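Visitor: What follows is the residue order along each chain.
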Amino acid sequence: MTFDRSSPGAYADLSRRNFLINSAVAGSGLVLSLSLPFGQGKAVGNDSFVPNAFIRIGTDGQIVLTMPYVEMGQGTYTSIPMLIAEELEVGLKQVRIEHAPPNEKLYANPLLGVQATGNSNAIRGAWKPLRETAAAARIMLIAAAASRWGVDAGSCHADAGEVVHAPSGRRLRYGELAAEAARMPVPKDVALKPAEEFKLIGTPAKRLDASGKVNGAAVYGIDARPPGVKIATLAQSPVFGGRLKSVDDTAAKAVRGVRQIVRLDDAVAVVADHMGAAKKGLEALKVEWDEGAHAGLGTQDIARELEQATRKSGPVAQNIGDADKAMANAAMRVEASYHLPFLAHATMEPMNCTVHFRGTECELWVGTQAIARVQAMAAKAAGLPVEKVTVHNHLIGGGFGRRLEADGAVRAVEVAKQVDGPVKVVWTREEDIQHDMYRPYWVDRIAAGLDKSGKPVAWINRFAGSSVIARWLPSAFKDGLDPDTTEGAIDLVYALPNFHVEYVRIEPPGIPTAFWRSVGPSHNVFVTESFIDELAAAAGQDEVAYRRALLDHNPRAKAVLDLAAEKASWSSPLPKGRGRGIALQYVFGSYLAQVAEVEVAKDGSVRVHRVVCVMDCGTVINPDTVEAQIQSGVMFGVTAALYGEITLKNGRIEQANFDTYQMLRINEAPAIEVHLVKSTEPPGGMGEAGTSGIVPAICNAVFAATGKRLRKMPIDSNALKA
Amino acid sequence: MGFTIDINGTPRSVDVDGDTPLLWVLRDVLGMTGTKFGCGMALCGACTVQLDGSAIRSCITTIDSVGNSRITTIEAIGATAIGAKIQKAWLDHEVAQCGYCQSGQIMSASALLRDKPHPTDSDIDDAMSGNICRCGTYVRIREAIKLAAQSQTKEG
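Quick note, the sequences are listed as chains A and B, same order. Residue numbers 0 to 721, in numbering that gives the first Met the number 0, belong to the letters of the first sequence in order. Residue numbers 0 to 155, in numbering that gives the first Met the number 0, belong to the letters of the second sequence in order.
Hints are computed from structural coordinates only; laboratory data are not their basis. In this text the structure is predicted, and so the values were computed from the model without any measurement. Note that beta-carbon positions come from the ideal geometry of N, C-alpha and C, so glycine has one too. Honestly, I wouldn't trust all of these hints.
Stated by the list, open to error - Derived DSS-like pairs (lysine-lysine); straight-line CA-CA distance at most 27 Å:
| no. | chain 1 | residue 1 | chain 2 | residue 2 |
| --- | --- | --- | --- | --- |
| 1 | A | Lys-92 | B | Lys-115 |
| 2 | B | Lys-145 | B | Lys-115 |
| 3 | A | Lys-454 | A | Lys-707 |
| 4 | B | Lys-87 | A | Lys-198 |
| 5 | B | Lys-87 | A | Lys-311 |
| 6 | A | Lys-104 | A | Lys-387 |
| 7 | A | Lys-127 | A | Lys-198 |
| 8 | B | Lys-87 | B | Lys-145 |
| 9 | A | Lys-477 | B | Lys-115 |
| 10 | A | Lys-104 | A | Lys-477 |
| 11 | A | Lys-677 | A | Lys-198 |
| 12 | A | Lys-566 | B | Lys-145 |
| 13 | A | Lys-601 | A | Lys-677 |
| 14 | A | Lys-387 | A | Lys-416 |
| 15 | A | Lys-566 | A | Lys-677 |
Unchecked claim - Among chain A residues calculated to face chain B with C-beta under 10 Å, some are:
| no. | residue |
| --- | --- |
| 16 | Ala-209 |
| 17 | Thr-346 |
| 18 | Leu-394 |
| 19 | Gly-396 |
| 20 | Gly-398 |
| 21 | Lys-423 |
| 22 | Thr-638 |
What the hints assert, rightly or not - Label-pair ranges, simulated between beta-carbon atoms:
| no. | chain 1 | residue 1 | chain 2 | residue 2 | range |
| --- | --- | --- | --- | --- | --- |
| 23 | A | Glu-196 | B | Gln-151 | 38 to 44 Å |
| 24 | A | Asp-264 | B | Ser-64 | 23 to 29 Å |
| 25 | A | Val-218 | B | Pro-116 | 29 to 35 Å |
| 26 | B | Pro-116 | A | Glu-304 | 55 to 61 Å |
My request is simple: use the sequences and hints to build the entire structure.
Guide: Okay, structure coming up:
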């Protein structure tokens, strides 16, 4: 590998203890915080205590977790508290959650080095530090009780929110001990509970955020209603980079409830009493745009540029052996080129942000995956120092990477600067889809050499596309490479003795790119798992057996593959028109094998009937959430495979709403089986893995059913007509 | 102009244009934010409420079309026997993920059980295919509807 995954601040390695636990007496309770050696790029010493207060125990016994991760459906609000409740020996219900305020230094995601929830790494980042912090709190509470009783701490233990001295039967509640515990020394070496003693971790837990989501009480960003709030909706230049030329707002101003028309350099917003009036006002505007440099841009222009880039060389993401030499000596050569489209996020909650700009300070209400980024960029847009910008975070009505971006907050601040009082800027669905930041378009050129037995002896892949990391987290983009863009294209599960992968970064003109559920792997796993299937076909071998023969060194990968084949009855016959396809991946720190069973109708339409998933994600925190996330990731991937495509014509996004950018619906949804492999390895990521593997599994199943190989997404049913 | 409509059993008066969609009256004028905005074109079902017990998309239902009909929203559906069963089944099966679409899902599912106490898979497809869930909770939505239907049977 040519980049360093263990460098602090970006994709850091938490396998060793590289954080410090600090304690403080705050008010009258115990506060434990963590100092993480990130942000400043230097280790933090004991003398620089920073009260990030991850765990607070009050004299009332209430345990408060300051939550640096956001809840967007992935179950973080339940699984992270499980980690601390386990070590603190309390019930899950005793832990209350508070949103962390924006602060990159105090609440950075240990694996990213910035305060963000993404890359399937909340649990991976929290696994060791938060359990150790909670264990330290337990040890200090026990020490406080032992000191009060004048007994040896070794004769005491914690149980259900109390410290117990078993020989005498005495008990003290945590709340009674919190103040004294804060004066106890912070233990240096904390022994964590062995897996066999887990009471909560690994047992299905009810989600703590569920009840408000069935009765309308849950408050998302779009539900924020500061007193006196007006509602605005907007039209941004239909061509990215264009400018507002002229606006005739005569008719719009006449709409009842419309209060104000706000003109920006590249957008216009209508402020009204309610969204109905704002939308009506927007429709009544006569707007002319100066469309700018990208007015003639089409998707095919971008695809052509990327395709040409794959013919030149790029930075080497991974090299093993001598692939060129092995290719020259191979008995058979297989080549392919793959294309993946731009994709929009289409979160169910359209983009929105509420802002009250008061001249010298600014207040925001929004649901974001990256609150500190929102604060910083909003401050810049407002022309204010960050400490003058307050951000209230909310539940997120779908993230999928869209809400790692602060473009919506910036836009809302620009509008709010011209409005007296608070204004909620709400994107229409059309605006949301046509002004998203998109999953990049990628082109791969890939080749393999097989020996006489059909075994791959050479693998050469060069791909071109945007690096989201290079813009979003520049410190992680090094020597032309980044760990996200290449994940799933390198470090494959298979034994490939001569392996060479290059990445050519090409930023497309006229369309912004961003993270999208499973990001790099959503591209790379499609290519590698489609291509390994092509190799099996070229070798005339069974797709499972072909993969299996390359996994002798990788027992966890082999185990999920074998179990998936067994559970899916891989070798059993299927009716005509049906096929099974498999995909295997190791991404986000988790192993996943998926078998899709599809039916291709005479008209070429594809129906996914059944999906079997076998996951080894290491230690499972909340099995129910893991299952839910895999189900969710699968549906997300099926949507992408069947429908997902954003195209540009004359610089404009052609799709606009759910009629032209379709989502999978319940009548099309496959049955999904999820099997979890028992493991005590550290936990892997869960939120995205299901999406990346299912797309090649479906395409491989279509090949099994029709003999037609799909190398461009989404599936073109015209090409599959019988 | 002024309209008075029955929302969750209470007459509510609002002063808006007659072509204003019910969705914005609920969310922005009355502050009832449980009903969600998703598409504005009756394509996603996030805004589903009930009009005299039938599921409708409030984003295309104008306020002047409501008349004397009874509007029920997610905030009050738990007060009906069917709505309460659906909500319980949703919690038992841990249906919600991000949760944003679930108000609409629950309103559609409650209307379905009112018309068809023992829905088949095909009935569920018909009644629920207008409600998109981007988190893809469809497997659990189906299970939860069946669970709620069973619990109705048990209680006679």
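Visitor: Taking the hints in turn, state whether each one holds.
Guide: For each hint, the structure was consulted:
| no. | hint | result |
| --- | --- | --- |
| 1 | Lys-92/A / Lys-115/B | 37 Å, violated |
| 2 | Lys-145/B / Lys-115/B | 11 Å, holds |
| 3 | Lys-454/A / Lys-707/A | 22 Å, holds |
| 4 | Lys-87/B / Lys-198/A | 26 Å, holds |
| 5 | Lys-87/B / Lys-311/A | 59 Å, violated |
| 6 | Lys-104/A / Lys-387/A | 18 Å, holds |
| 7 | Lys-127/A / Lys-198/A | 17 Å, holds |
| 8 | Lys-87/B / Lys-145/B | 12 Å, holds |
| 9 | Lys-477/A / Lys-115/B | 60 Å, violated |
| 10 | Lys-104/A / Lys-477/A | 22 Å, holds |
| 11 | Lys-677/A / Lys-198/A | 16 Å, holds |
| 12 | Lys-566/A / Lys-145/B | 25 Å, holds |
| 13 | Lys-601/A / Lys-677/A | 42 Å, violated |
| 14 | Lys-387/A / Lys-416/A | 14 Å, holds |
| 15 | Lys-566/A / Lys-677/A | 16 Å, holds |
| 16 | Ala-209 | 6 Å, holds |
| 17 | Thr-346 | 6 Å, holds |
| 18 | Leu-394 | 7 Å, holds |
| 19 | Gly-396 | 3 Å, holds |
| 20 | Gly-398 | 7 Å, holds |
| 21 | Lys-423 | 9 Å, holds |
| 22 | Thr-638 | 8 Å, holds |
| 23 | Glu-196/A / Gln-151/B: 38 to 44 Å | 42 Å, holds |
| 24 | Asp-264/A / Ser-64/B: 23 to 29 Å | 40 Å, violated |
| 25 | Val-218/A / Pro-116/B: 29 to 35 Å | 33 Å, holds |
| 26 | Pro-116/B / Glu-304/A: 55 to 61 Å | 58 Å, holds |
Against the hints set out earlier in the document, violations occur for numbers 1, 5, 9, 13, 24.
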